[in-house]
Amino acid sequence: MTDATNDPTHSGGGRKSLYVQDPRTKRRAAAEKRFRAYGIGAIATGMLFLVVLITSIVWNGIPAFTQTFITVQVALPEEKLDKSGARDLAVMKKVSTFGYAPLVDTALVAALDENGVENPYPKAKRLRALISASAAAQVRDTVLANPDLIGTTQEFRLLASSRVDGYLKGRVSRDSIARDKNIDAEHLDIIDALRTAGLVKRIFNWDFIFGADASESRPESAGIGVSMVGSLFMMLVVLGLSLPIGVAAAIYLEEFASRNRFADIVEVNISNLAAVPSIVFGILGLSIYIQLMHLPSSAPLVGGLVLTLMTLPRIIIPARAALTAVPPSIREAALGVGASKMQTVMHHVLPLAMPGILTGVIIGMAQALGETAPLLLIGMVGFIATNYPENFIEGFMSPNSAMPAQIYEWSKRADPAYYERAWGGIILLLVFLMAMNILAVLLRRRFERRW
Amino acid sequence: MSPIWLFITILLLAVVGFVLGRQRAIASVDDHRNLHSRPNYYGVNVAMLAFGPAVLVLGAWLVIQPIIVNQMVSKLIPARSYEDAGALNLIMSDVQRVAEGLGTAVAEGTLTQAGSRTLDTETSDVRALLGTVGVALGSEVKPEVLKAAQRYRAAAATGAWIMTGAVLLLAVAGFTVAYAQTNGRLRARNRVETGMLWLLIAAATVAILTTIGIVLSLLFNTIEFFRAYPGREFFTSLEWAPSFSGRGGGSKLGIIPLLWGTFYISIVALLVAVPIGLFAAVYLSEYASKRVRAVAKPLLEVLAGIPTIVYGLFALLTVGPLLLTIFGDSGFGWMSGGRAVMTAGITMGVMLIPFVSSLSDDIINAVPQAMRDGSYALGATQSETMRQVILPAALPGIVGAILLAASRAIGETMIVVLGAGAAARLSLNPFDAMTTVTAKIVSQLTGDSDFASPEALVAFALGMSLFLVTLALNVGALYIVRKYREQYE
Chain A
1 MTDATNDPTH
11 SGGGRKSLYV
21 QDPRTKRRAA
31 AEKRFRAYGI
41 GAIATGMLFL
51 VVLITSIVWN
61 GIPAFTQTFI
71 TVQVALPEEK
81 LDKSGARDLA
91 VMKKVSTFGY
101 APLVDTALVA
111 ALDENGVENP
121 YPKAKRLRAL
131 ISASAAAQVR
141 DTVLANPDLI
151 GTTQEFRLLA
161 SSRVDGYLKG
171 RVSRDSIARD
181 KNIDAEHLDI
191 IDALRTAGLV
201 KRIFNWDFIF
211 GADASESRPE
221 SAGIGVSMVG
231 SLFMMLVVLG
241 LSLPIGVAAA
251 IYLEEFASRN
261 RFADIVEVNI
271 SNLAAVPSIV
281 FGILGLSIYI
291 QLMHLPSSAP
301 LVGGLVLTLM
311 TLPRIIIPAR
321 AALTAVPPSI
331 REAALGVGAS
341 KMQTVMHHVL
351 PLAMPGILTG
361 VIIGMAQALG
371 ETAPLLLIGM
381 VGFIATNYPE
391 NFIEGFMSPN
401 SAMPAQIYEW
411 SKRADPAYYE
421 RAWGGIILLL
431 VFLMAMNILA
441 VLLRRRFERR
451 W
Chain B
1001 MSPIWLFITI
1011 LLLAVVGFVL
1021 GRQRAIASVD
1031 DHRNLHSRPN
1041 YYGVNVAMLA
1051 FGPAVLVLGA
1061 WLVIQPIIVN
1071 QMVSKLIPAR
1081 SYEDAGALNL
1091 IMSDVQRVAE
1101 GLGTAVAEGT
1111 LTQAGSRTLD
1121 TETSDVRALL
1131 GTVGVALGSE
1141 VKPEVLKAAQ
1151 RYRAAAATGA
1161 WIMTGAVLLL
1171 AVAGFTVAYA
1181 QTNGRLRARN
1191 RVETGMLWLL
1201 IAAATVAILT
1211 TIGIVLSLLF
1221 NTIEFFRAYP
1231 GREFFTSLEW
1241 APSFSGRGGG
1251 SKLGIIPLLW
1261 GTFYISIVAL
1271 LVAVPIGLFA
1281 AVYLSEYASK
1291 RVRAVAKPLL
1301 EVLAGIPTIV
1311 YGLFALLTVG
1321 PLLLTIFGDS
1331 GFGWMSGGRA
1341 VMTAGITMGV
1351 MLIPFVSSLS
1361 DDIINAVPQA
1371 MRDGSYALGA
1381 TQSETMRQVI
1391 LPAALPGIVG
1401 AILLAASRAI
1411 GETMIVVLGA
1421 GAAARLSLNP
1431 FDAMTTVTAK
1441 IVSQLTGDSD
1451 FASPEALVAF
1461 ALGMSLFLVT
1471 LALNVGALYI
1481 VRKYREQYE
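So the protein sequences, as listed, match chains A and B. Numbered by the numbering used here, the letters in the first sequence go through residues 1 to 451 in order. Numbered by the numbering used here, the letters in the second sequence go through residues 1001 to 1489 in order.
Everything labelled a hint here was simulated from the structure, so no lab data went into it. Where hints are given, some of them may not hold.
Examples of chain A residues lying across from chain B (beta carbon under 7 Å, computed) [stated by the list, open to error]:
# : residue
1 : G46
2 : S56
3 : V109
4 : I245
5 : Y252
6 : S287
7 : A373
If you anchor each label on the Cβ, the simulated ranges turn out as follows [as the list claims (entries may be wrong)]:
#  : chain 1 : residue 1 : chain 2 : residue 2 : range
8  : A       : V95       : B       : A1304     : 49 to 57 Å
9  : A       : A30       : B       : G1333     : 33 to 41 Å
10 : B       : A1304     : A       : K201      : 40 to 48 Å
11 : B       : G1131     : A       : K201      : 42 to 50 Å
12 : B       : E1100     : A       : G198      : 26 to 34 Å
13 : B       : T1104     : A       : T153      : 44 to 52 Å
14 : A       : R24       : B       : L1238     : 49 to 57 Å
Please read all numbers here as calculations on a predicted model, not as lab measurements. Don't be surprised by glycine CBs; every beta carbon is placed ideally from N, CA and C.
When you get a sec, could you build the whole thing from the sequences and use the hints?
Rendered as structure tokens:
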């Protein structure tokens, strides 16, 4: 201030009015604006990434939930399917899918003729490119389930091949199939004609949600259902083990360990384990559970055990926070009326902390559900998810995959039709994660008490 | 008795113990207000002593018996019939399959118990026999394998008998002792609470055991690896070229190209995540209104909740093709395929943004308001306060956050497996495909390899390196963060 009165020209720089900013102030104001703009830019970039990510998931994944089917009338002649006429299932089973495939071919030719579609192929076999390789098996399964159908003509909704499906979804075009051995442009003409006739339709694809994985050449019939069951059984193991162990460890550290050496060691271990890369837990599972203890590899039980070890520190940390949040007055009141330390904790502190603990458990399990890397090491890879487990025990012990591992498997396969399945699987996975997180938030909102 | 039934039996015994113990305690006094503890504690005391020790022995036995039986049986395999530990492992898994097959054959009635013991390879076709019960074997059963399998079955059966006996004895003994002791003056509650405390301690020990398990499993297999492969080569060789054909010879397993790929990708990821995350944190903590903060912060954190497999697919199918159209042959011509350091790095950066931003947010918020007020009082603008007062004060914490993010980036697997490529390469071009330590752990351990060849064992050495690097980063970061927090508390 004294400077200013002594030498008015020095700091003012020839300033005439307080309302006019001098260059230095302008510079500072500009710097301020720039800095703020960087902040907004950073947040906008983050949001942009989120939007791009979500859009590409939804855009690419939604088509997986519909599938193309071709409706045809298949004649089921007795002389081909059951020569004896005795309808003996054991005999009928001897007719393999090779016996059924010609029936499907004939049905396709008939469908073309009936609707006045020009058929460029003298050999009926060439039309097989239109339908999935599993179509014959589909007819066979229906007949074996209901032998009375033999001798009649039945309407079947046959799964179209993945190329046809891709054509309807815009993934496959006439240009892209120019060098494709599996399908010709004429096939697509037939499909166009059948579509106008109303025989080719895209309908909701329940088989994707509940079906099993298929071989590499049949993306049209691959589903994520079996690996979903694998994930479910793994989560049961994780819940069953990590909830009691995590809560018990948190109680010990928070309520009983009186800053002793043991508690310190445990604490350091927990904070380090929380940051150990997940793949290291996979190595641990491989060498301890499989190599040393000879548990069956690829079993959801082992996957669950590995994920439990990984999730435990992530559960213990929020559980401790929830226990700390219970005010000491509760403990003192309980001790005051004569409860023992253990009774105080079990009857008063733990029930009050439970909503917070459960929130942590659910979030920890959501993380475990999306984890892939450790599962690959213990053999829970995608392609083994082909059968539903036979019973509850088998669900834990028989080889299975998990949702993220199945998605990884699909993303490795060569056929682009599998990419669509992978994105679709991601939508399902994210729906589960979202449901779990919403549950956690609701739990917190509903039961959380502010002391 | 199978372990499950054994478990159910002792569980039942415990339930019975609970009921009887409770009744006995009540019966021992005229008025149950004279009991030392509430009646249930007496019941739990009996149940605990019947169940606890027995189930401990059962668990330990189930873990240890297979190891011992394996050791015993592997001595029966003559040393001339295998070359190294890997071949022995293969033979041992054959032995187990044959033993299992004999078990199923007996269970299904194709063989009698005695028949399974006297079976020999000269008089009967064991392979065909096991084939009929659904156990397919790759080759003819060698006499020594069959013999070992029979011995295996015998040892396992004996072990199971002893186990059943020991566990039941222990359960009954615990039951009897606790029941006999039960009377009105027994301090049952204190006993039960001591038991519970031990249970809590055991749960806390799991964390320590996990760490020990990680270190031991990495250490033993790493030592095994360095026996089969020279350590100097591993640390100094500039080439990564595992041979897939047979084992031994021809494989070049140098860690340097993998480390280079790992660090290059992590640096790209941090270059994306740190500026964005840091500026986002600054804006959210100092500038944003409450409403903006309430929306933007959770939305950013959604990015952290998305599983890494999703990011992997995003890298492979969205980021990679996008970069390829810009920098590929149709654009700048620097990139030859969708999988590259940039692809994985950018995607990983996106994943790490919320990680950096929420940690830095906490740290910036922890700087005392007095420091801001002082700076404003001197006439500094908000951005000057931020740059010259708050960020320097928060710097140690932010460095800690960046170190934690770096440790995340180094340990990340799925993004690099899908986005970075499979070829190990020492190149400076960020648009080249490279590979990382984690990606190679996955590829070396998911093949059909037999865990004894150097090609498979190298994964454990890689895992050990990864573990040590991330551990150092974490410990360093936690140390810095903790030290900094103490300053203001």
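Right, here's what the structure says about each hint:
1. G46: Check passed: Cβ of A:G46 comes within 5 Å of chain B, closer than 7 Å.
2. S56: holds, 5 Å
3. V109: Nearest chain B Cβ about 38 Å off; hint violated.
4. I245: holds, 5 Å
5. Y252: Nearest chain B Cβ about 4 Å off; hint holds.
6. S287: Constraint on A:S287 satisfied, holds at 4 Å.
7. A373: holds, 4 Å
8. A:V95 - B:A1304: 49 to 57 Å: This hint holds: roughly 56 Å between Cβ atoms.
9. A:A30 - B:G1333: 33 to 41 Å: holds, 39 Å
10. B:A1304 - A:K201: 40 to 48 Å: For A:K201 against B:A1304, whose Cβ atoms are near 41 Å apart, the range 40 to 48 Å holds.
11. B:G1131 - A:K201: 42 to 50 Å: Given a distance of about 47 Å, which is inside 42 to 50 Å, the answer is holds.
12. B:E1100 - A:G198: 26 to 34 Å: At 55 Å between Cβs, range violated.
13. B:T1104 - A:T153: 44 to 52 Å: Holds, since B:T1104 and A:T153 (Cβ atoms, about 46 Å apart) stay within the stated range.
14. A:R24 - B:L1238: 49 to 57 Å: For A:R24 and B:L1238 the Cβ distance comes to about 55 Å; the hint holds.
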